[in-house]
Amino acid sequence: MDLSFGSRYATFRESVRSFLALHGASAPAVPPDLRALPTLRWQQRLLEHGYAGRAIPTRYGGYGATPDILETRIIAEEFAEAQVFPGLSGQGIMMLVPTLIEFGTEAQREQFIAPTLRGDLIWCQGYSEPNAGSDLASLTTRAVLVGDEWVINGQKIWTSTAHLADWMFCLVRTELTSPKHLGISFLLLEMSTPGIEVRPLVTMTGDASFNEVFLTDVRIPATQIVGGRGEGWKIANALLSHERGMLGNPNVTLQRFNALVDLFRQETIDGRRLIDDPVWRERLLKLQGRMLALRCNDLRVLSGRLNDRSAPLAAMLVKLEGTELRHEVEGLAIDALGELGVLYRGSPLLRDQGLWQQHHMYFLGLIIGGGTSQIQKNIIAERGLGMPREPKLAAG
Amino acid sequence: MDLSFGSRYATFRESVRSFLALHGASAPAVPPDLRALPTLRWQQRLLEHGYAGRAIPTRYGGYGATPDILETRIIAEEFAEAQVFPGLSGQGIMMLVPTLIEFGTEAQREQFIAPTLRGDLIWCQGYSEPNAGSDLASLTTRAVLVGDEWVINGQKIWTSTAHLADWMFCLVRTELTSPKHLGISFLLLEMSTPGIEVRPLVTMTGDASFNEVFLTDVRIPATQIVGGRGEGWKIANALLSHERGMLGNPNVTLQRFNALVDLFRQETIDGRRLIDDPVWRERLLKLQGRMLALRCNDLRVLSGRLNDRSAPLAAMLVKLEGTELRHEVEGLAIDALGELGVLYRGSPLLRDQGLWQQHHMYFLGLIIGGGTSQIQKNIIAERGLGMPREPKLAAG
Amino acid sequence: MDFGLSDDQTLLQTSLSRVLNVAAPLARVRRFAEDETDKASDVWDALASLGLPGLVIAPARGGMGLGLLDAALAAECLGRHVAPIPFAATSVMVPLALQDAGTTAQCARWLPSLAEGACTAGLAVSEHTGAKEDAGVRYIDGRLCGRALFVLDFAADVFLVADESARLYLVERDAAGLEARSLVSIDRSRRLGELLFRAVPAVCLPGSENPLVLQRTLDRGRVLLAADTLGAAQHMLDAAVSYAGTRQQFGRVIGSFQAVKHLCAEMAAALEPCRALLWYAAHSLDLEATDAHITACHTKAHMAEVGKFVAKTATEVHGGVGFTDLLGLHYWFKRIGLNRQWLGSPERLRHEAARAQGYA
Amino acid sequence: MDFGLSDDQTLLQTSLSRVLNVAAPLARVRRFAEDETDKASDVWDALASLGLPGLVIAPARGGMGLGLLDAALAAECLGRHVAPIPFAATSVMVPLALQDAGTTAQCARWLPSLAEGACTAGLAVSEHTGAKEDAGVRYIDGRLCGRALFVLDFAADVFLVADESARLYLVERDAAGLEARSLVSIDRSRRLGELLFRAVPAVCLPGSENPLVLQRTLDRGRVLLAADTLGAAQHMLDAAVSYAGTRQQFGRVIGSFQAVKHLCAEMAAALEPCRALLWYAAHSLDLEATDAHITACHTKAHMAEVGKFVAKTATEVHGGVGFTDLLGLHYWFKRIGLNRQWLGSPERLRHEAARAQGYA
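Protein chains in written order, with the numbering used here: chain A, 1 to 396; chain B, 1 to 396; chain C, 1 to 360; chain D, 1 to 360.
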């Protein structure tokens, strides 16, 4: 156990601070316009200094640094402290780039990674389908090889940023005679290809942050496959657990918790501050204890990855516990605000632009999305605890 | 909706009060010695006045009154208020007598009901087996008809009062070729029959309030069967739901809740009464709200039975919710007492003879016993909500 | 004794549901939600034809003279249908407060038209259930000054307003010095707003000198909001059970998975006792029983907790589609959310119940 | 940075477990539980041979000079085995308090024999974690008067006692005027008692003028009790998973039912983060980090809640047999129960954490 940062890191932290002092003012506001020139310029500057694409090889447009979680953490801390936009994330950078590095051809890496890191290519992820949610492997969108083209038909759902994206990486069924998990391939589509229709999907928050994507006789070159035919499930799974860890990130929850403490200090009931009421304070502190546990768990998981000391159970529970906690943090703010807590966008008296309500609902969505809590519990029980799998059903 | 008691009931209540004023002093202390003369005399007096066996026909030694839940409730209320022992209960009176009235032969009723009501016969219930708990219908204790005798071999468990009982009513497998639920019969055994061995089963409370009963070549007359061969499951089930309703009785919980309020008024932390601490009070009031809901639910179920307005879902949930609530009421007392709350029998400073701890553990046992919470949820989902049953498994 | 509903009461629910099915299907609610000028007068008229606005108003004033239990059963139906009409304040709290504490003239002026549904009344009392910001209304020299937040049944012709001393006043919407400002909540099936009083002339209900009038008015509202939540939560549970019976994953309907079954069972086990609790609470207010106030507080608090659990869990059972607007499930989720916060948070109400029992 | 255990630390746990498997199987714990005169000196000696009593004592005083994280890992092992020996007070809290605040003479008098395991020390401080009854000790003219309830590691030769002003004193068991009275708790794997002081001569640890000495002592104890609960709860979860893998009902092992699997998954998901929390809390105390007190309070409070959940749920997974004495599962249940209440209830500790952050 060594929680110290050491002098090398102190120097590194200083360099991040200097960068922020010198350049921070030119960062775009949050959330940024993904296509705007200031955003792309800022991203370019981050890439040059290694605050974006830090561990990606230089030949693919990255900075080529050796992975170091402490440096990553220092960067995140300093950008958060200075409230400066830390660069583009999104499914292209977070999911596709690592996938190509692990499974792509050299040509694919050269074609896609650099422009994706620069923000010139925006990606969306086509995994879920209306009838393939929890049971993702039952997806039915098909691609048939006709000559040197894949011809794709089907429908995807929950495709965030599909309305903005240039490209989509997606899972489709290509091997019709293989068992269900082995019949899936990982394809790359340009969104301007004829036959693709994107329809926004409005959620309970009132936003259309997701989409349905309809694919009708969409033709793409046969080379736009990552990995071999039938390897899509394996490839997607290599990153799914990573995505799940991001969904309940307790360090983001900490920022919201701190905002909740501010709210408790400012808001009153009958003239008394919430923080001065023992019953409300008890609810606040209970969440703080849970959050603290998840933050330590997160450090353990990250550190374990680097130090080759894996903690699979600790990693598996992050999505389940983290999304639940976040939903409750947002919900406590609503409860504590009383009638003010139910106000929403456009209302007088609204607090924090309605973010408490928006996130409360959005994180209920995330409790469901990316593998529902029920699926997470199956995974923890079966893979984490080694309990028996669901027995096979009798036919009919 | 009519919550009024009306003048007839006012008169009835007066008569109960008069009885208690006149005779209450001769009641035994709680818990009474089941075999002691004062207990039996008191039981006799209750039978004569209709405060025991009230709705049992006079020809079987009962009082022969028309069933009336309001009268029953008034009796219970007045005995509780006066803190007078309300007569024998136990599985003979609560379970076997109603079973014989519904399914017994005239000879069985005449032989057993009156002495059971008087307390001359004490019964125990032989249902569960070590490998037939949640899956009770898989029980393997066997009875084979040899001449005019049943020869019984097997083992029962969770048999409360077996060490005191004169007789046992039990479920045994008699039809070896029938499907599992249809192979079970309901038999009556005298505990003094050769081949019966009772071994106490110590539980986490430290008490041996349950037993294991070993049956080795136990021979009883062929007539000691209730209902027909193979009808045991049907007969037992007719009363199981009734037993489950008793296990989480919210009116008993009310008495414990009232004791908890007293405790909150008397006990202090750093010299401050618990009741004056908002955080502890909030926990108390949360339980009160749940209890209130379950008490109203109980009134609805009882009233529904009498007024032919059945509320099956409301009846089904009583065991699940009632045992959980009771466990939590006992647990709150322990928490509120701090270190005092973990003291147990024989300790100085012990509060309430250690009953909070004892009941806390005992009610964890009852959350499990009489159909675990998981079984209760299956029942509620499948029978209450009409959801699909567990699908059949593939063989092997 | 009979702890249950009468045939008339069952019939009331059936009739209301039948009308609401036709007059206020989800598509109608959506239109109301999207158009702030929509008064849903078609829905209102359909329910008025059943006598809903006059349900509890004395027959001599044109009403049906029924009790709070009947009103609670009606509120349950409205919650179940997320009906876009005012009810708790305009049809129950204000008329009963008038009957409790108003002069004959005040009753004669307002009750017949409220009963008929020709006008509606709002209620401005939330400063008495935990005041936010600088909320509070004072009565000085015949005029009201201050601010009343979170007005129930806001799109009203007249408001019943409580001042700091718990006295009640009638103020018409177009009174000089009164500014009514709409608030927007997550629940778009009901209108909410605040009132700013700049020396607004107002007449007191004389009987409201007795602070029990306000308390009883609040308790009635609490029971009605709890009933609304009961109806909305029951709808969400029913929808979850039904969805789980058709949605297939892994080659079987998801309702055959024990995990999904147990979520539904937990919802049912939590929800069903609330029904009896609600009947008891409403009936206790009708009887003016000594524990009526305690029971009303507990009923709303407990129902709010159960409602929150059911709203979240039923959404989860629906999976992704529950999170979208496709089935409109969120209308019920949000209705439950607003009911939870109005007329006292669970914490506040448990504190009141504790105080009423001498615990605090 | 490396957030994890060193090889030495892993080895420490392995060695302790190996010894405990042999020296303190359940049958041995049962004997201890049933015989109040049993001092389990066989178990004690076996662990002393590994150096457990001197784990944190300075090498110059005969100890191993390890940190609180190592002590917490040891406590976890003891909890996992419901080991019937004293530890938190005698081997950690008292020695470290002596090192923090004692004179050289006091350290020389006690630390070597504590390190060796030749004597043991108890701790009487629970009046500082929420005083019950009239508990409290006062120091008047060189003598202690009053009552100290709930003494940790009660079967001791010497006690470290806090007075009302948080100063610490050493009192030997046979001191004139001291009465030691056993208390009986549900947890029969450890001894508990109270001390009555009738003008007992006592010497102060001079450094304990600084009230932070007591606070740090308490925080160490909190982390150790949390670690004990972690070990006990982990055992219960492991036992539940294992039992569910063999017990058959309805023609299949119950661990293949989703309901049972999800109960186990919920336990694991709640319990596993506590492990990292505990490491962090112990290490923060070792580093004397600024958030060490807040973290210690939260760690014990959160671990107590999770422990309670696991204790109940693991028992449920065992069905009826979990409720009996057959497998002895209740020894772990009760160990978790006692840890929850000692050195501050969760409510108390959260309040302290709030105060330390300026929230209260």
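Hints are supplied without guarantee of correctness; some may be wrong.
Here are the simulated SDA-like pairs of lysine to any residue, each with C-alpha atoms no more than 25 angstroms apart in a straight line [stated by the list, open to error]:
id, chain 1, residue 1, chain 2, residue 2
1, D, Lys132, B, Met191
2, A, Lys180, C, Val321
3, B, Lys286, C, Glu305
4, C, Lys312, A, Gln358
Distance windows between CB atoms, simulated [what the hints assert, rightly or not]:
id, chain 1, residue 1, chain 2, residue 2, range
5, B, Gln44, C, Thr10, 31 to 37 angstroms
6, C, Asp38, A, Asn131, 34 to 40 angstroms
7, A, Val279, C, Thr290, 57 to 63 angstroms
Just so you know, these hints were derived from the structure itself, not from any lab. Remember, predicted model here, so these are calculated numbers, not experimental data. For every residue, glycine included, the Cβ atom is placed at its ideal position computed from N, Cα and C.
Do the hints match the structure? See the list:
1. The suggested pairing of Lys132(D) with Met191(B) is violated, with an alpha-carbon distance near 50 angstroms, which exceeds 25 angstroms.
2. Distance restraint check for Lys180(A) and Val321(C): the Cα-Cα separation of roughly 24 angstroms lies within the 25 angstroms cut-off, and the hinted pair is therefore satisfied.
3. The suggested pairing of Lys286(B) with Glu305(C) holds, with an alpha-carbon distance near 10 angstroms, which does not exceed 25 angstroms.
4. Between the alpha carbons of Lys312(C) and Gln358(A) the distance comes to roughly 15 angstroms, so the proposed pair stays at or under 25 angstroms and holds.
5. Between Gln44(B) and Thr10(C) the C-beta distance comes to about 46 angstroms, which lies outside the given range of 31 to 37 angstroms.
6. For Asp38(C) paired with Asn131(A), a C-beta distance near 36 angstroms keeps the hint of 34 to 40 angstroms intact.
7. Val279(A) and Thr290(C) have their C-beta atoms about 26 angstroms apart, which leaves the hinted 57 to 63 angstroms range violated.
Figure legend: structure checked against the earlier numbered hints; hints not met, in rising order: 1, 5, 7.
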